[in-house]
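*Asks:* Letter by letter, the chains look like this.
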Amino acid sequence: MHIPDNFLATPVWATLDAISAGAVGVTIRRAGRDLPDTRIPLLGVMGAFVFAAQMINFPVGAGTSGHLVGGALLACTIGPAPAVLVMTTILAIQAFVFQDGGVLALGANVFNMAVAGVLAGYLPFRLLGASRRGLAIFTGGFLSVLVSGSLALSELLISGVRMPRALVFTSFGLFAMNALIEGAITISVVQALDKLNPGFVQKPAASTGRILVVCGCVALLLGAAGFLIASSAPDAIQNLGQTLGISTQPAFQTPMANYTAGKFESAWLRRATAGLTGLLLICGLCAAGARMIARRRSA
Amino acid sequence: MHHVLVDHWSQGASPLHARDARAKILVLLVFLIVLATTPADAYVTLAIDAAVLVSGILLAGLPPISVLVRAAGILPFSAAFGAITWLAGDGWRAVALIEKSYLSAVAVLLLVGTTPLPRLLSGLEALGTPRILVLLAQFLYRYLFVISEQAQHLQLAAACRGGSSGRRQSRFRAAAGALAVLFARSYYRAEGIHRAMLSRGFGGRFSLLNPMRFGALDAVFTGAIVALLIMARVQ
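Just so you know, the protein sequences line up as chains A and B, in that order.
Using the numbering used here, the first residue of the first sequence is number 1, and each one after it goes up by one.
Using the numbering used here, the first residue of the second sequence is number 1, and each one after it goes up by one.
What the hints contain is simulated information worked out from the structure, not anything from laboratory work.
Where a beta carbon is used, it is the ideal one built from N, C-alpha and C, also for glycine.
Hints are supplied without guarantee of correctness; some may be wrong.
In silico negatives: residues of chain A with every beta carbon more than 12 Å from chain B [what the hints assert, rightly or not]:
| no. | residue |
| --- | --- |
| 1 | M55 |
| 2 | G101 |
| 3 | A130 |
| 4 | S131 |
| 5 | R133 |
| 6 | P164 |
| 7 | G173 |
| 8 | M177 |
| 9 | N178 |
| 10 | K203 |
| 11 | I211 |
Label pairs and their calculated CB-CB ranges [stated by the list, open to error]:
| no. | chain 1 | residue 1 | chain 2 | residue 2 | range |
| --- | --- | --- | --- | --- | --- |
| 12 | B | L58 | A | A176 | 18 to 28 Å |
| 13 | A | A176 | B | V54 | 36 to 46 Å |
| 14 | B | A227 | A | A18 | 23 to 33 Å |
| 15 | A | M177 | B | V95 | 28 to 38 Å |
| 16 | B | L198 | A | M177 | 40 to 50 Å |
| 17 | A | P198 | B | L58 | 51 to 61 Å |
| 18 | B | R185 | A | L127 | 43 to 53 Å |
Based on the sequences and whatever the hints tell you, model everything.
*Replies:* What follows is the structure in structure tokens.
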């Protein structure tokens with residue numbers, strides 16, 4: 001799910017770089033208030049833990065194995081805002097040192113996995129964590145991976161990367177399976193942690209305000225919108241990209257591509273794409289609003 | 001291991017190693033942005049960009065084949081998408097996609113292969129990255145190897161006790177237990193690290209042994225390469 005450079009159209013990565021920089025900046029301001037310097041070594045070492053956790057394989061059947069991604073686990077142990085920062089750092093190290101994900105696409109990857117992924121993963125824990133903790137943690141792991149994957153796929157489609165519909169379906173199937181595995185791993189690790197020391201997993205009610213819940217909902221909505229539109233009509237997102245002038249018209253276009261482009265120009269699709277644009281705008285406004293609130297509070 | 005090798009490369013002494021981290025980061029950003037905005041059929045621009053990278057690798061004294069092979073780690077992903085684009089009838093775009101993403105990976109590798117990570121992070125901080133992220137990255141990179149080694153030990157121990165056989169459910173639970181132990185050890189290790197740092201007078205910032213200096217040579221280097229890249233793009 002790490003998007004390399006040159007897969008996203010310039011307006012897409014530039015916008016996402018800006019959004020991620022804003023979101024991470026806000027998180028640093030928020031976290032900075034509750035986060036004494038004593039916690040910084042802890043966050044760094046927990047980042048190393050998430051990195052190293054990828055070496056431990058979980059058997060998932062049919063001879064394959066999965067590993068922890070970690071967004072939801074971090075969110076319910078060290079808290080959502082620190083988790084965003086730790087995941088951001090992991091992605092940056094992966095991009096620079098391991099060439100896993102692009103440097104210009106870092107903003108997109110941070111948005112998908114560190115911001116939207118962690119917030120969507122934290123949302124069920126925040127809302128349901130007190131009453132149905134196990135379910136909430138499982139759903140958190142599930143959603144964090146699914147939302148990240150859905151966003152990454154939507155961004156690729158909107159940038160004009162052509163994918164046949166069958167492939168979009170297959171990718172979503174794979175994302176959903178990975179998401180189930182992540183949910184199962186997260187809940188079983190949390191159960192094992194409870195046996196070691198129940199204090200590791202936070203009390204959901206103890207932390208955070210409404211902004212995080214709103215941002216988590218927005219992340220979830222964006223992921224869901226990407227999923228619905230991309231799976232019902234991948235061409236719709238590509239067309240949106242072209243009508244907005246984001247993705248350039250390919251130099252060579254087959255007659256077939258023209259045909260499908262014409263066929264899908266229905267009123268419903270225009271509404272659907274308008275909806276997605278609206279959601280993107282709302283997300284931007286949320287980030288800007290949260291920033292203003294944070295600034296006012298810290299002033 | 002991959003990162004150990006890159007670490008080893010970054011310790012070299014060459015004109016490129018000697019440049020200020022900020023200069024190299026700026027040049028990399030300009031390179032990546034120029035490359036990202038280059039159209040698929042601008043062969044001359046792409047060729048000049050590739051030539052800049054190759055001369056960079058040679059100037060830095062890095063083993064060229066190793067660098068090219070290591071950057072090829074990106075190819076499975078971009079080749080898959082390239083194949084789809086090709087099948088969709090966009091042959092040129094497919095080739096450009098693969099070529100451009102590969103060149104980007106080589107460029108990033110050239111930066112980390114000539115700049116030790118502490119200097120790279122100090123450079124990023126000087127260019128405006130928040131201090132907390134830089135600190136996090138330093139801790140993360142420092143303890144990455146330590147904790148990875150622990151994870152390997154845990155796996156070896158599990159295998160020695162017959163962890164690779166048995167029912168899937170019990171193996172799954174055993175892996176979760178191992179991760180929980182790794183989590184707890186990392187957590188307690190961090191507390192120890194913090195106490196040790198305080199007792200040695202840590203002031204909230206890592207310092208470099210020899211401070212960064214953006215000299216005239218760095219300015220010439222940045223200016224020349226940026227000018228070359230932009231001229232190649234707008235030619």
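*Asks:* Going through the earlier hints one by one, which of them does the structure break, listed in rising order?
*Replies:* Hint check: 1, 2, 6, 12 and 18 fail, others pass.
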